[in-house]
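**Student:** As a plain string of letters, each chain reads:
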Amino acid sequence: MPENCIYIARSSAIAARALAGEMMVMNSADSTFFTLNEVATAIFQAADGRTTLEEIVREKICRQFDVDPAQAQADAEQFVTELSGHGILLVSDRPLAGEASR
Amino acid sequence: MSLMSEVGQKAFNLGVPLAVHFDVTYRCNERCVHCYLDHDDHGEMTTAEIKGVLDQLAEAGVFFLTLSGGEVFMRRDFFEIVEYARRLLFNVKIKTNGVMIDEEGAKRIRKLGVDTIQISLYSHRPEVHDAITKLPHSFERTLRAIRFLHQQGLRVTIANVLMTANSSDQGGVQELAAELGVPYTLDPTITPMMDGDTSVLSLRIPGEELPGIFRNPALVANQEEFCAPPQPPSDEDLAGYSCSAGHSFCYISPYGEVFPCVQFPLPTGNIRQQKFLDIWNLSPALQEVRSIQARDLAVCSSCSHVGSCSRCPGLAYMEGNMRGPSSADCEKSFYRTGVPTANMLQQGLSKPRTTVPLIQIRPLAVPA
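In order, the protein sequence lines correspond to chains S and Z.
Under the numbering used here, think of the first position of the first sequence as 26, with each following residue one higher.
Under the numbering used here, think of the first position of the second sequence as 116, with each following residue one higher.
Because the hints were derived from the structure by calculation, they are not lab data.
Honestly, I wouldn't trust all of these hints.
[What the hints assert, rightly or not] DMTMM-like cross-link-like pairs, simulated, lysine to aspartate or glutamate; straight-line CA separation at most 25 Å:
| id | chain 1 | residue 1 | chain 2 | residue 2 |
| --- | --- | --- | --- | --- |
| 1 | Z | 166 | Z | 350 |
| 2 | Z | 166 | S | 73 |
| 3 | Z | 210 | Z | 156 |
| 4 | Z | 210 | S | 55 |
| 5 | Z | 249 | Z | 290 |
| 6 | Z | 208 | S | 55 |
| 7 | Z | 249 | Z | 302 |
| 8 | Z | 210 | Z | 164 |
| 9 | Z | 210 | Z | 153 |
| 10 | Z | 125 | S | 73 |
| 11 | Z | 125 | Z | 350 |
| 12 | Z | 208 | Z | 170 |
| 13 | S | 85 | S | 63 |
| 14 | Z | 390 | Z | 372 |
| 15 | Z | 208 | S | 47 |
| 16 | Z | 466 | Z | 339 |
| 17 | Z | 125 | Z | 155 |
| 18 | Z | 208 | Z | 372 |
| 19 | Z | 125 | S | 55 |
| 20 | Z | 226 | S | 63 |
| 21 | Z | 166 | Z | 153 |
| 22 | Z | 222 | Z | 198 |
| 23 | Z | 210 | Z | 155 |
| 24 | Z | 226 | S | 107 |
| 25 | S | 85 | Z | 339 |
| 26 | Z | 208 | Z | 242 |
| 27 | Z | 208 | Z | 121 |
| 28 | Z | 125 | S | 47 |
| 29 | Z | 222 | S | 55 |
| 30 | Z | 226 | S | 55 |
| 31 | Z | 166 | Z | 156 |
| 32 | S | 85 | S | 118 |
Turn these sequences into a full structure, and let the hints guide you.
**Tutor:** This is the structure:
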């Protein structure tokens with residue numbers, strides 16, 4: 026799948042809340058619990074199912090944080106793979122507006 | 116330290132209300148003999164008011180939301196409330212007796228992404244459970260709800276309150292929980308009514324029965340450590356706080372009252388008159404609760420148990436002084452370790468004063 030076609034959305038099964046700049050995320054299906062750092066939080070919050078991951082990295086991450094774009098894209102893909110493996114993020118090559126978070 | 120403990124400590128240090136217990140109604144279809152609530156509706160919040168409270172709690176940083184009662188399903192809008200809470204991304208736990216949950220209801224709960232459902236079950240014998248709840252066939256209906264919820268893949272926990280009427284049944288409930296494939300929790304604490312009436316305390320099991328619980332390997336994993344004699348308190352122990360009540364946790368009643376905890380009826384403000392965050396940040400009563408370290412406790416600061424005691428400031432408050440001892444916890448500390456507490460020694464007692472009256476009128480007639 027070309028990387029500019031990855032759409033990500035937050036699963037409806039999760040609970041999430043920011044605590045002092047970090048996002049707490051829990052999947053009610055298996056009680057996996059994560060805290061996300063500032064960069065990961067920015068990706069998580071932008072995961073609306075309609076914006077591609079490439080666009081999130083370019084428009085949000087690279088503008089807000091001093092990062093190398095290629096490295097940021099690679100890290101973002103790894104992050105998305107990990108969270109989708111835990112059912113926290115949904116990933117598709119098509120927009121996921123209907124699946125986006127509650 | 117686990118990630119969850121780290122987050123809890125961070126919220127505690129920052130004074131963020133990480134968890135809230137929210138009773139959405141006091142109405143109930145059961146009349147449990149040990150219940151501390153008045154079940155009449157004295158003007159509980161409307162759906163719109165509750166949604167407004169949830170908005171405020173999300174803004175304040177609340178993550179763990181326990182919805183309880185009364186019986187939550189006595190509210191016709193309960194699913195609407197849960198759906199709204201989930202839209203706001205709370206981690207939702209529901210406490211219920213399950214009597215009104217059918218298969219469709221269990222499916223709806225699963226679809227809403229509820230984290231845990233805690234269901235009260237007091238015995239493995241229908242006649243004992245029903246005698247405690249005073250609702251005929253409640254055992255059967257509660258058990259059916261547990262099965263429906265479990266079949267949906269939801270996390271269900273059975274909660275048993277131990278009292279005189281069911282003290283011989285805890286093993287049976289535990290076996291039933293294992294058979295149903297759900298975890299089991301046991302609480303021997305009976306609390307006074309919220310209006311201060313202490314008559315329900317006569318239902319507490321005699322302290323002499325507590326060692327049987329504390330030394331039961333099926334209930335307490337690390338008994339040696341749990342029942343070890345207390346160590347002399349360290350400076351760290353004396354700088355510690357009793358619990359998260361008022362620090363990173365609070366309780367909200369169906370009437371909008373905010374308290375440090377569900378069993379700590381210290382008025383701090385009403386969400387119908389003030390914003391939640393104004394109460395949380397500015398209430399003098401909450402600030403006072405937050406200021407109390409172990410070294411400030413009238414009797415307990417000199418007690419060898421101070422570092423390991425489960426002292427509940429709410430129960431102490433109900434005994435008359437939030438800085439004082441909680442006799443129920445003194446009793447637990449004594450029967451856990453065999454070492455008298457400072458509170459007992461001050462009263463010249465070598466063992467706790469019995470909480471069960473010598474002459475008892477048991478409100479229940481249940482088969483042996």
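**Student:** Would you mind marking each hint as holding or not holding in the structure?
**Tutor:** Hint check:
1. 166/Z to 350/Z: violated, 44 Å
2. 166/Z to 73/S: It holds: about 24 Å lies between the C-alpha atoms, which stays within 25 Å.
3. 210/Z to 156/Z: It holds: about 19 Å lies between the C-alpha atoms, which stays within 25 Å.
4. 210/Z to 55/S: Between residue 210/Z and residue 55/S the Cα gap is close to 19 Å, so the pair holds against 25 Å.
5. 249/Z to 290/Z: Since the Cα atoms of residue 249/Z and residue 290/Z sit roughly 23 Å apart, the hinted pair holds (cutoff 25 Å).
6. 208/Z to 55/S: Distance of about 14 Å is within 25 Å: holds.
7. 249/Z to 302/Z: holds, 20 Å
8. 210/Z to 164/Z: holds, 21 Å
9. 210/Z to 153/Z: The given pair, whose Cα atoms are some 17 Å apart, holds under the 25 Å limit.
10. 125/Z to 73/S: Given that 25 Å is the threshold and the Cα spacing comes to 29 Å, the pair is violated.
11. 125/Z to 350/Z: holds, 21 Å
12. 208/Z to 170/Z: Holds. Residue 208/Z to residue 170/Z sits at ~17 Å (cutoff 25 Å).
13. 85/S to 63/S: holds, 12 Å
14. 390/Z to 372/Z: OK: residue 390/Z and residue 372/Z at ~11 Å, within 25 Å.
15. 208/Z to 47/S: This hinted pair holds, its Cα atoms lying about 23 Å apart.
16. 466/Z to 339/Z: holds, 21 Å
17. 125/Z to 155/Z: violated, 39 Å
18. 208/Z to 372/Z: holds, 20 Å
19. 125/Z to 55/S: holds, 24 Å
20. 226/Z to 63/S: violated, 30 Å
21. 166/Z to 153/Z: Holds - the C-alpha atoms of residue 153/Z and residue 166/Z are around 24 Å apart, at most 25 Å.
22. 222/Z to 198/Z: holds, 13 Å
23. 210/Z to 155/Z: At roughly 19 Å apart (the allowed maximum being 25 Å), residue 155/Z and residue 210/Z satisfy the hint.
24. 226/Z to 107/S: holds, 24 Å
25. 85/S to 339/Z: violated, 53 Å
26. 208/Z to 242/Z: Outside the cut-off at roughly 28 Å; violated.
27. 208/Z to 121/Z: Given that 25 Å is the threshold and the Cα spacing comes to 21 Å, the pair holds.
28. 125/Z to 47/S: Judged against 25 Å, a Cα distance of about 11 Å means the pair holds.
29. 222/Z to 55/S: This hinted pair holds, its Cα atoms lying about 17 Å apart.
30. 226/Z to 55/S: holds, 14 Å
31. 166/Z to 156/Z: With a Cα-Cα distance of about 19 Å, the restraint between residue 166/Z and residue 156/Z holds, given a limit of 25 Å.
32. 85/S to 118/S: It holds: about 20 Å lies between the C-alpha atoms, which stays within 25 Å.
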